[in-house]
Structure formats: structure tokens, C-alpha cells
Amino acid sequence: MNVPPVMDSSLPPAGAELERVRRMVQACMQCGTCSGSCPNAAAMDLTPRRLWRLVLLDRGEEIFRSRTFTLCSACYRCTLRCPRGLPLTEAMHALQRAAHRGRMRRYRAVTAFHHQFLESVRRNGRVNEMAFMMHYIAAVKNPLLLLRHAALGLQLAARGSLPLGRRPSRSLEALFRRAAEVENAP
Amino acid sequence: MRYHYYPGCSLEGTARDYDRSTRAVLAALGVELLEIPDWTCCGASAAGAAGALLARVLPARNLALAERREAKRDVLAPCSACYLNLRHAAQAMRANPREAAAIREVLSVEELRPEGRTRVRHLLDVLACDVGADRVAARVIRPLRGIRIAPYYGCQCLRPYADFDDPERPTSMEPLIRALGAEVFRWRSGGACCGASLASTQREAGLSRIAAILDDARGADAVATVCPMCQMNLVAFQGPASRRLRRDLARTVLYLPQLIGLALGLPQEALGCRGEGGLPLPTPPGRAAVRGRSPDGAADRRDGEEVRR
Chain R
1 MNVPPVMDSS LPPAGAELER VRRMVQACMQ CGTCSGSCPN AAAMDLTPRR LWRLVLLDRG
61 EEIFRSRTFT LCSACYRCTL RCPRGLPLTE AMHALQRAAH RGRMRRYRAV TAFHHQFLES
121 VRRNGRVNEM AFMMHYIAAV KNPLLLLRHA ALGLQLAARG SLPLGRRPSR SLEALFRRAA
181 EVENAP
Chain W
187 MRYHYYPGCS LEGTARDYDR STRAVLAALG VELLEIPDWT CCGASAAGAA GALLARVLPA
247 RNLALAERRE AKRDVLAPCS ACYLNLRHAA QAMRANPREA AAIREVLSVE ELRPEGRTRV
307 RHLLDVLACD VGADRVAARV IRPLRGIRIA PYYGCQCLRP YADFDDPERP TSMEPLIRAL
367 GAEVFRWRSG GACCGASLAS TQREAGLSRI AAILDDARGA DAVATVCPMC QMNLVAFQGP
427 ASRRLRRDLA RTVLYLPQLI GLALGLPQEA LGCRGEGGLP LPTPPGRAAV RGRSPDGAAD
487 RRDGEEVRR
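Chains as they are written, first to last, in the numbering used here: chain R, 1 to 186; chain W, 187 to 495.
Chain R extracted, bound-state conformation:
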């Protein structure tokens, strides 16, 4: 994969992001309400409760061997129910960010998905779903994915649900650049 310009512009390293997550979950009392509420917990190699424990123990290597935070579908059940009121969905997003910034190989596909989406926003202001999915599939080079989405594309086209023609386009380059500068200012 090429170096992703959106993700790499002198961003802080994964460690700094991990420290932010540690502050977010500092008051975790290991009750497990998050794990019990998560619709995707069964597919995770570590339950959310165990993940937060590892964050507090600063065991980065184990955290980033896990796929748990890539399985968060942002349903906000854990955030809603956490008796400590911790921003757990935001913490999952922050771990995704850390993985992107570390350009960790095992998260390549998820990173590519977000990266291609944002590239489309940066260049055009709005996302063209078709073009975005094609770039994503090209980036991860997975023929099975191509096959499945070709079928989905045909199905959508048959239903008349695919956009045709050009739509208004507006670059957000300056906004993206300024956001990175302000965020990374000391």
C-alpha cells in the first residue's frame, strides 16, 4: 500500500494515543457491563473489559495483537450503560487511530477502508460511495472482496440505487491541513 497522505502528516505516534485512551478508562472498575452489552463481543479475541485492563496495565503489545477494537461497530451501548460513565466508544476509536498511526500491518484492511473514505472527502468534499469502494478494494487487493462487491454493485444497479453522473465537488484540502496542524500543536 502507498503511504497514506491523510494518515501520516506528522501525527503523534501510537504511544501518545494509547496514553489518551488510558486517561479515558482510568476509572474502569472491571464490572464487565461493556462486554455484556457489546453485540460483537462473541467475535472478539479479547472482551472489551479485558481490553481496558490491558490498557491500564500499559500492555501495548497485547493490545495491538488483538482485533477487538476493529470489531467495534459504534453502537454506543457500552457508553450508555457504563456505570462509571466512561467514553468507551470514543476509546475504541482512539485505539483504531493508534493502529492507523503506527501503520500496523495486521490492521491494513480496516486502515485502507477509512483512508480511502477520507481521501474521497478531502478531494471532493462529499463521498461517492461507488468510487470509494473501488479504491478500497484496489488498495487491499482481495479478489474475494472484489467478487462480492461486484455482485452487490449489480444488485444495487438493478434496483436503480447507484448514482449516475457527476456531482458537485469541492476540495477540503485547507481544512484537513489546518486540522492536522492544530491537533498536533504542542
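Please keep in mind that the hints were generated in silico from the structure rather than gathered at the bench.
Accuracy of the hints is not assured; some may be wrong.
[Said to hold, decoys possible] Some chain W residues close to chain R (C-beta under 10 Å, calculated; not the full set):
1) Asn-282
2) Val-295
3) Arg-345
4) Val-421
The beta carbon of each residue, even a glycine, is placed where N, CA and C say it ideally should be.
Once you have looked at the hints, place chain W on chain R.
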């Protein structure tokens, strides 16, 4: 009633029918929409992966544009993901001075100086609370009698903000469904998660979410959705979901405003519906066929429905 309107990218693409039916139904109910000029993407779930500030700035830009035109008017978003991102940004502008200052600093490159006074509203909130079931019922000319509709809320219009409904046991769609003359289908999955983009990035986990919801909807004539992502997942993966559970999970899934529009007697093409939206609707008295469809086509589709069930 007037609102700033933020359609969002999906409503220009795969969810065009949601945009069409939202505009048609709100117009019929006397609600005026002012589309935010030059709106851009809210960042979806991707912006947060690149930067926490970018994830706030992208939606805040749209709120600032709305505020510049008219500050004391709510922003209406039909897409739950857009709604949540806009809502997060509004919250940051109002309640987090440090974050608000950073957002303003970035937006100054576009010469926007928002104060953060605009409120963000989901389409369902506006339909349930501002328009109300009574107003809808008064305009129904073609009741959806005998149709059982499963209200599907999904996640992000309910959580974490709980602006207009109970996030654990949502009910806001029920009075609207009854106003259409239809029955509310009782099920457990109303507030369940469809898996969002997991269907594309982690197929197994995504499919199991989708299959469980479709399976729970067995016995309903239609599922009503209020989010493009939910709609896409529940419609596009019915085949793989059926194979997964070895059971026919084919189901009619429509956007809530499409169902309302059918009951208001709006023409199908204005709602992005094909063949009665797949519903076995009774033919209205004094009308042989619904406008915009050949009688044959509509009949075929209805037969197909019955065979499938």
C-alpha cells in the same frame, strides 16, 4: 415548520430513495426544508480514525454554514450516522470550550465563525415530536390496513444522546406506524446493531448481526428503517444471511418515510418505491391501479410476495 436540511453523502448515492421520500413526505406534511448550501461530508466513522479534531471539524463546518444563514433554526438529518456526528460537534461547541476553540480556529480557514447555537435533530425526532402522529393520521388517504411493520431504530439515532426516545426500549416509531393504519410488529431487535461497516470489513461478524435481525423480523410484512446504513445492510445481505442460517430471510425493508408516503397516497416514483414497495396493499376503492405503475406489474409483484411467504 422549517428546518435546515443536511442530506449527507449516502442520500445522494445508495440512499437516494430515502432523500426522495423524506422530501416528498415532509412537503406533504407542510414541513419546509432549506438544504444547507455547499454542505460537505460529516466524516462518517472514518474521520475519527484520522484525527479526533478532524472528526469534529467536518460536521461543525456544516453546522456553521447553517448557522450563518439562520442561527435559530434546527438542522434536520435523516441519516443516523450524520445525525450523530453533527450532534457530537454541536455538543463540543456548546459544552467543551477547549474543543470549541480548536474547531473555530480550523474553521477560520473557510472564514466561518460559528457560535454553536444550532440544534441538531434526527428525521425520526422531527416526525415523532414536531409533526406528530395525529397530523400524519389526518393526511392518510390509503391506510396500510393489515400490514405488520417492525420498527427498526438501529443505534445512532438513540445512543448515546437519547434526545427523543428511550435508548434501551425505543417506541417513538409506534404511534407513527399506527397512524398509517398499520400494525406494530412486536420484536426484540428494534434497537439492535446492524454491524454498520463490519459487513464490508469483517464479514462474518457483520453477517451474524444482519442475520439475527432479519430472523427476528419473520412474521412482519415490512421492516421500517431510519438510516441508510441499516437499510443497506438489511437489504443487500439477505442472500448470504439466508444461507448462513439455512432459512429464507427475504424481507421487505423500507425507509419509514416511504411507508408514510404510501399511506399518504403519494406517487410511488416520488418515494423511490417499486411495485408498492413490495407490500401486499389492498387496492384503494375507486382506483384500479396506483399511478406510475402498470396494473400488471403491480399484480405480479404482489403475487410474488404471497408465494414467498
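Comparing the hints with the structure gives:
1. Look at Asn-282 of chain W: its Cβ only gets to about 12 Å from chain R, farther than 10 Å, so that hint breaks.
2. The criterion of a C-beta within 10 Å of any C-beta in chain R is met by Val-295 of chain W, whose closest approach is roughly 5 Å, and the hint holds.
3. Restraint check, Arg-345 of chain W versus chain R: the minimum CB separation of about 4 Å is within 10 Å; hint holds.
4. With a least beta-carbon distance of about 8 Å to chain R, the hint placing Val-421 of chain W at the interface is held under the 10 Å criterion.
In this structure, the one hint that does not hold is number 1.
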